[in-house]
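Chemist: Sequential numbering of the sequence shown, starting at 515, is according to the working numbering.
It should be emphasised that the hints constitute simulated quantities derived from the structure, not laboratory data. These numbers were taken from a predicted model, which means no experiment stands behind them. Yeah, the Cβ is synthetic: ideal placement off N, Cα and C, and Gly gets one too. It cannot be assumed that every hint is accurate.
[To be verified] Pairs of lysine to aspartate or glutamate, EDC-like flavour, derived with a Cα cap of 20 angstroms:
(1) 584 to 742
(2) 1078 to 1090
(3) 632 to 644
(4) 1073 to 1048
(5) 561 to 525
(6) 564 to 525
(7) 533 to 723
(8) 810 to 774
(9) 561 to 544
(10) 817 to 804
(11) 786 to 1048
(12) 966 to 839
(13) 584 to 525
(14) 835 to 604
(15) 817 to 798
(16) 755 to 745
(17) 564 to 603
[To be verified] Here are the computed distance ranges between Cβ atoms for each label pair:
(18) 678 to 1118: 31 to 37 angstroms
(19) 679 to 1115: 35 to 41 angstroms
(20) 692 to 600: 34 to 40 angstroms
(21) 1047 to 889: 37 to 43 angstroms
(22) 860 to 906: 50 to 56 angstroms
(23) 1036 to 805: 44 to 50 angstroms
(24) 889 to 678: 20 to 26 angstroms
(25) 951 to 676: 35 to 41 angstroms
(26) 525 to 773: 44 to 50 angstroms
(27) 678 to 862: 43 to 49 angstroms
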Amino acid sequence: MCGIVGYIGDESALPFLVKGLKKLEYRGYDSAGVTFLENGSIGLVKKKGKVAVLEQTLQEAGLLGSEREKTIHIGMGHTRWATHGAPSDENSHPHISENHHICVVHNGIIENYMVLKKMLLEQGFKFISETDTEVIAHLIEYHYLVHCHLDLLSAVQMSLQEIEGSYAIVVMCTEFPDCLIAAKKENPLIIGIGENANYVASDIPAVLEYTRDIVIVEDDEIAVVKKDSYEVVDMFAHKVKREITHVDWDTEAAEKGGYEHFMMKEMLEEPKVVNATIAPRIRDGKILLEQFNLTKERILRAKNIHIVACGTAYHAGCIGKYLIERFCRIPVFVDVASEFLYRNPILDQDSIVIIVSQSGETIDTLQALKLSRSMGAYSMAIVNVIGSSIAREADYVLYTAAGPEISVASTKAYSTQIAAIYLLTFEMAHRIGSLSDEDYVKYQQTLLEIPKKLEETIAQQDQIQRFAALHYNADSIFFLGRGLDYYLSMEASLKLKEISYIHSEAYASGELKHGTIALIEPGTLVVCAVTQKDLAAKELSNIQEVKTRGACVLAISTKDMKDKMVSCDEVFYIPDGDPLFAPLLAATPCQLFAYYMAVNKGCDVDKPRNLAKSVTVE
């Protein structure tokens, strides 16, 4: 959600800014812009639409691919996901101050912007946008001129002390052409360390082509970034020491690799990344979780476990609830993070909170983590991004090995989250004695077989593609399941809605007769998961109920139940095995179904409308 890039160095700034914004397109946005210093003045170009529109505008203005480009050595760029004010050129970032000496880019939301705006209007400042961000530019200028005697750093500090809300900002000033000033609170921000150049960005992929050495800026810190140095201070100008982190990502992992969409590439990577999450942690009949410090006594003392997440990660958490309650026999509550925050949860030192987030920056989830820790709960995080805010806040972190996930719709990150939850569950259950040594080893072996079975599943994708080609014009689709299959259906429904814009709902199959079946009519498409053998008879009965009313049924099941699936119009079979692990195998065909439905409709699969990859505002 929103993207920031900044550059200061000896080379041309604009090519990096445009390329960096393209690397952040996966975060979701509706407009883009750049600002730069040229001959002592601020240049500003911003447009509603894609980065390609901005790039074309820069080329037409003679700013890209020209001798003029080579004279510009400092600048900032931004992709905006609209919150305050509709997408438009005027509301696009960057935003410039009253006298055109200070420019700002901003991720986040300023909660008290109306109060600040009123004060600035009374001081004679004029606003040309509807955004909260323009307030920051004018506020910094106000303090710069009135209170701080032209000291830019002090003006930024004073302004941030008056701002309520979340932010990652970068500030540029005509009177300080040798530096960018960056600051953050509850929104990610990093500094990339280069040679004769330094970079600022809201996410690592923006700078990976140029440097692998980064500094992570923490909350309530301000960084002064020059071409050959950087300094980090707190809100009171006290110096803060920040270590440089070396990033080992393969840059090719963030490229399409010949596939039409990142989403397809990432689905096909699931066998590899699930294996990378599982295999290194299973050795000699033991699950080895790095620095896992939950003792038997601490687990047994837990009155409850709360799993907190949003969206796709929430559905992974639902599977976690099923597994932990079954094997550890501890009550588990799964909460949507935004609801958890405001329902006054009952937590204490005997509570365990498990936070699940792909990016490690999801704002609601991060705030839920902070609340949990403030109430004394032990916190665990399952995240994909090393050094992310959630990873740094939690008492224990279990990293997945999904690698960079570019498509907005999560696929491989979801699969690795589930894989990590299996590992965590089995290790906790074994530590407290509720899982025998024999079953502990057996389940490890079953997990190690999953990647090969995922490859077998993906090899049958043509069947899903054919079915989607026949039904992509469906107006509404229903997903049904029982037990673990219900949680699978929830995620399958979300995936379809996200990228195809087809209305869909997921229901526990037993709820059919309590209202839902009234919506079934001839031709209604129903997708049913039938992977849990102990619940299969009841699920097949539900399938018969919708078939009787004219529904067309696609089922996802296992080959050993083939003779029972005769009433379905189409059946996609995943490899046989322990039904407990079906969520790891059945998720992929559901993702493929959503993908092919979206492709047939001509949707922008990787960048669905109104959505962002990393949600950093409430």
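Chemist: Take the hints in turn and mark each one as holding or not.
Modeler: Now the hints, each set against the structure:
| no. | hint | result |
| --- | --- | --- |
| 1 | 584 to 742 | holds (19 angstroms) |
| 2 | 1078 to 1090 | holds (15 angstroms) |
| 3 | 632 to 644 | holds (13 angstroms) |
| 4 | 1073 to 1048 | holds (15 angstroms) |
| 5 | 561 to 525 | violated (25 angstroms) |
| 6 | 564 to 525 | violated (25 angstroms) |
| 7 | 533 to 723 | holds (10 angstroms) |
| 8 | 810 to 774 | violated (48 angstroms) |
| 9 | 561 to 544 | holds (9 angstroms) |
| 10 | 817 to 804 | violated (25 angstroms) |
| 11 | 786 to 1048 | violated (31 angstroms) |
| 12 | 966 to 839 | violated (28 angstroms) |
| 13 | 584 to 525 | holds (7 angstroms) |
| 14 | 835 to 604 | violated (46 angstroms) |
| 15 | 817 to 798 | violated (32 angstroms) |
| 16 | 755 to 745 | holds (8 angstroms) |
| 17 | 564 to 603 | holds (12 angstroms) |
| 18 | 678 to 1118: 31 to 37 angstroms | holds (35 angstroms) |
| 19 | 679 to 1115: 35 to 41 angstroms | holds (37 angstroms) |
| 20 | 692 to 600: 34 to 40 angstroms | holds (37 angstroms) |
| 21 | 1047 to 889: 37 to 43 angstroms | holds (41 angstroms) |
| 22 | 860 to 906: 50 to 56 angstroms | violated (26 angstroms) |
| 23 | 1036 to 805: 44 to 50 angstroms | violated (58 angstroms) |
| 24 | 889 to 678: 20 to 26 angstroms | holds (23 angstroms) |
| 25 | 951 to 676: 35 to 41 angstroms | violated (60 angstroms) |
| 26 | 525 to 773: 44 to 50 angstroms | violated (31 angstroms) |
| 27 | 678 to 862: 43 to 49 angstroms | violated (29 angstroms) |
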